[in-house]
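Taken in sequence, the protein lines are chains G and P. Going by this note's numbering, the first sequence runs without a break in its numbering and finishes at 303. Going by this note's numbering, the second sequence runs without a break in its numbering and finishes at 262.
These aren't lab readings, by the way, just hints derived from the structure by calculation. Take the hints with a grain of salt, since some may be wrong.
What the hints assert, rightly or not - Going by beta-carbon spacing under 7 Å, a handful of chain P positions derived as facing chain G:
{"no.": "1", "residue": "His80"}
{"no.": "2", "residue": "Leu100"}
{"no.": "3", "residue": "Val135"}
{"no.": "4", "residue": "Lys248"}
{"no.": "5", "residue": "Asn249"}
Every residue gets a Cβ at the ideal spot worked out from N, C-alpha and C, and that includes glycine.
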Amino acid sequence: MIRHGSRRWLIAALVAAFAVSWFSTRFNQYYLGIAIDVGINIILAVSLNLINGHTGQFSLGHAGFMAVGGFTAAKLTLLYGESLYPFSLIVGGIMAALAGLLVGIPSLRCKGDYLAIVTLGFGEIIRVIFQNSQFFGAATGLTGIAKLTTFFWAWGIAAVTIYVIAGLVNSTYGRGFLCVHDDEVAASAMGINPLRYKVTAFVIGAFFAGIAGALYAHHKRVLQPDGFNFIKSIDIVVMVILGGMGRTAGVVVAAIILTLLPEVLRSFASYRMIIYSLLIIGLMMGRPQGLFVWPIFKKNAKN
Amino acid sequence: MTSPASSSSLLQMANCTIRFGGLTAVSELNLSIGQRELVGLIGPNGAGKTTVFNLITGVYQPTSGQINFEDKSTARLNPHQLTRRGIARTFQNIRLFASLSVFDNVRAATQLHRAHGIRDALWRGRSFHDSEKTVETEVMELLEVFQLGKHRDKLAVSLPYGDQRRLEIVRALATRPKLLLLDEPAAGMNPTEKVELMKLIQFIEEKYQISVLLVEHDMQVVMGICRRIIVLDYGVKIAEGNPEEVRKNPKVIEAYLGEEPV
């Protein structure tokens, strides 16, 4: 899907995001807010797709990584001023990546369901740590965070995430992730180190989840540890599964649909979540292989 | 003819034993493979042939004994490190990468010989494209040699059985091994396919000048191409020699056909 022009494509996406952002004051602020939500969810879903989809390591800890990035970045701008915002995004990402390294190590020993439970436990531990840490505002969390996430930041970083992860996987190096997903024994017999790939996937996935958390913090302006419970992780997992494990384009579309759906259903008031759940069940039954699995992607999956 | 022609041996197993709990799967095995040698390893079901493979490739560590590859110990090395050193294998039940195309299956196996890593994959500069081009040429050459070029974009698992077996061998060759281990490559093949396989293995040995260790059930295949054969039974080496010697060895006959009633 990504070919020679992939860098040009990235620059075009960044310019487009910047242009939209330039005129963002003219848009309805409610819709703009949702658009930023969509961007953040794309980052989350695409980065989780590297771990769950491409590498085949079922992780339920993505909300945990997001929390690490969010709290780190929010605390930074609260303490040292708004000008640190871009820096805080990166620091949030790095802290989450370190957390990813920490989870990646037990992932060397566990597989499948066991790994899912380990990562689930990890996500909950992170949440509880923030809940009990006075420095991060304990259960009330952090408030009064400056609103700094614009359309440009959310969608620009979403474009970078897609570029990085699709670019990585669509290279000879990145084929290793898919090999580990398909058959670890055969992969190691081909000179591919499965452990190394798994940890790499966790670290990169967590890095972008951390950035998404930082964007989220400066978008919602309030951070509560409760917002990063495992339901949040499941939401992201659903985007990945619905989009088709390991299909970047499908996952992007799924992230967009699943963010917009609850908003569209707002008029149904209290029936909203029931309809939302029914739609997901229906989609899963109709398209178990993922919504957007087109054979053409498989055929062109070379460069 | 009975001993390896070249004095420099590529692989040497000395007194290798492996136990799983109370079961001794391989006992005190001595085995050596010379440069450019085609050796067969045979034995009845459960004789420990695949375990020998797993010992050589580092999947298992021997309980006792020593394995040397190119005069260096392989102890505590992982399978991927041994592949880097030059040992490649195929599997008894085909283990292709199911979600990848034929081309990508082979391409993935070429990467251990290149310096290209994450940074190149992201920056996508000239060196990245050059190196990806080299890989493509290399992979396509290999595929063409084994008549798989026309299938390059098909899913590996959608190929017919015989082609899948062949692709697994091609994938192993893409790691540029010095020693190729084939685990029952003739399993599930019909007689015509077996004849083709024998030609293929001989062709590989000649073209790539490598050593091959062949585990096989099928006597016809082993006797047809191996100059030296090792026979295992219950984890013990019961015979070694050229096909004629092995065929006449009473212990081998007993292991395969049972004892002759007196």
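Structure-based check of each hint:
1. His80: Result: holds, 4 Å to nearest chain G Cβ.
2. Leu100: holds (6 Å)
3. Val135: holds (5 Å)
4. Lys248: Hint on lysine 248/P: violated, closest Cβ of chain G at ~36 Å, above 7 Å.
5. Asn249: The hint is violated - asparagine 249/P has no Cβ within 7 Å of chain G, the shortest such distance being about 33 Å.
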